[in-house]
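Chemist: Single-letter residue listing:
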Amino acid sequence: MSGLGWSVKALRRRPLRTVLAVLGIAISAAMLLDMVMLSGGIEKSFAELLLAKGYQIRITPKGTLPFDTEASLAGAVEVVEALRRDPDIESAGAVLGTSLYGRKEDSLVTLFGYGIQPEAQALYQLQHGEDLTADDTTGVLLSAPAAVLLGAGLGDTVSLVGRLDPQVAAGAVNRRLVVRGMVRWVYDYRGQPSVGTVLPVMQAMAYGRQQNRASLILAKVRSDTAVPAVAGRLRREFPRLEVYSVADLVRFFKQRLVYFRQLSYILGIMSLIVTVLLITTLLTITVNERLGEIATLRAIGIGRSTIVRQVLTEGTILTLVGGGLGVLLGLGTARYLDGILTSFPGLPSAFSFFVPRRENLATAGIVLLLTGSLAGLYPAWLAARAPIAATLRSEAQ
Amino acid sequence: MSRPLTEVPEPAGGRRGPPVLMGHDLRKDYPMDGQAVHALRGVSLEVRTGEYVAIAGPSGSGKSTLLQLIGGIDIPSSGAVEILGTRLDTLSDRDLTRLRLTRLGFVFQRFHLLPVLTALENVELPMAEAGVPARERRARALELLAYVGLHHRAAHRATQLSGGEMQRVAIARSLANRPALLLADEPTGELDAATGGEILSLFRRLNQDGTTLVVVTHDEQLASEAGRVIHMLDGRICD
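Protein chains in written order, with this note's numbering: chain A, 80 to 476; chain B, -18 to 220.
One chain only, chain A, in its complex shape (with noise of 0.2 Å):
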């Protein structure tokens, strides 16, 4: 029989107790481990999302971040163009976003209309259909509720309206545009009708007559270890743009969320001293109950080493099952959040909050181990230093 045996039997000889301490354990060490997840897991996603298509740099305008505001930059195509001479950058596009109409019958519905160069793009992927190219200038890309809204597939025809007089409802642009395909937008939240054409498109709509305007330029640099120098010079090249790299926006990002990462600190330590309190009172009542058995143990020559031993282990097994079922509970109450929080308006709905990672998950089982453990000291010091004859005395009474 070994100590670990020992341990296992003793902690089955109250099953209940042991069941309930341990489904506490679970919950909080889910508790815990969706609070790691989160507060490392927004930043992950978002720096997974600016990443999706290997676009390390984003260039705005002066004092906006990138669709921060509805300000656009002049100059577009000219930036592209010198963007695209660089040796160091492979690839270069803009991005100009609006809202515009769609024509339903004889209604409209709001959209939201992306103008790309398809031949640098890093928003949107290929679900059904064809790409547009650099020159199709009737063609248009629908995402899966745009084409619900406008109730038009692959091959229809549909109806576009930019620059919308409220006094007449009328628009001043038109078009009639061929759906080629059906994409996904990667920063689309979810169930946002969005609509997109080449760049000269959705400027003649966002303004009226093609103007050479975007919201955002997406630069692609051949090495990730040139983006902090790149991204460097483009600042003194452009002074009057704003250029950030993935990690000057995951940046930004951290300091608008850190009290939110606070938050999620607080609740996790919260978590752990729950864990500690649960496994020092179980143990504590279960040491406290089997006093008269460890002063027999001290008497027959069993050593205060091996009795701490014991007691920590009934500690550590508590915190390993416990913890082992608040992984996966921890994993399905983090999926099930997910889906919540994912779904508010203005999210990307492929953003996740709940990201686990493998260093983030290591560091919280550590933790969960060892303060697991270390909630066992208490009653291991209770069980040690019991007084062997004073308590032999008072169970033979």
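Treat each hint with caution, since some may be false.
[To be verified] Partial selection, computed: residues in chain A whose CB lies under 10 Å from chain B:
no. : residue
1   : Gly311
2   : Arg314
3   : Arg315
4   : Pro318
5   : Glu372
6   : Ala378
7   : Gly382
These are calculated hints, taken from the structure and not from any lab test. The beta-carbon is built from N, C-alpha and C at its ideal position, and this holds for glycine as well.
Go by the hints and put chain B onto chain A.
Modeler: Frame of chain A; chain B shown alone:
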């Protein structure tokens, strides 16, 4: 059994050998409600190898306290205990624990087996603590269970055993590390007369096989089984 149940210095001749236990002027006071209660008032005794000694007396006479002192479970207020020539008050807590493990065997009134363990595992426990290899301790535990007539109950948990069976397992456990001296505190106190009789027979057999025994009891029948009876009253030996 191939080896004796207990390991003791060989007697020079006859049944009684050199002293296993010596107690010198043992006193024990307990504080109670601000006053000292004198549980032992200067007790000296000597137990030699192969002896079967009963310490008898009414409740509160100090016999259990004396057993705890000579077993190194409690510390005397004054006086000294020697086990096989080693003064217990010179030992660290760790060494004293080790001495209890390897040189002494204990049997308690309430058996105090670990209820979650089987009879076999309970007997193995002191040997595991002493670092006896698993195969060797299992064989020894089975041998001891056979000696106390419980080989067939080896796989049963302590809670599945009767009172008499539990006490026999406790006796087997006390013999696990071949102690020089077996100490028993009211070993028949929780048992009916018939079962108590079985334990008496077992003690008699143990002593005949060479085990040195000190038994505390208020049971006159048990005391009469011993080779020597020490009577106690009010914390003193009275004869």
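Chemist: All hints, please: hold or fail.
Modeler: Hints and how they fare:
1. Gly311: Hint violated; Gly311 of chain A Cβ to chain B Cβ min 66 Å, cut 10 Å.
2. Arg314: violated (69 Å)
3. Arg315: Status violated, d = 73 Å.
4. Pro318: Hint on Pro318 of chain A: violated, closest Cβ of chain B at ~76 Å, above 10 Å.
5. Glu372: Holds. Min distance 6 Å.
6. Ala378: holds (5 Å)
7. Gly382: Holds: closest Cβ of chain B sits about 5 Å from Gly382 of chain A, inside 10 Å.
Checked against the numbered hints above, the structure violates hints 1, 2, 3, 4; every other hint is satisfied.
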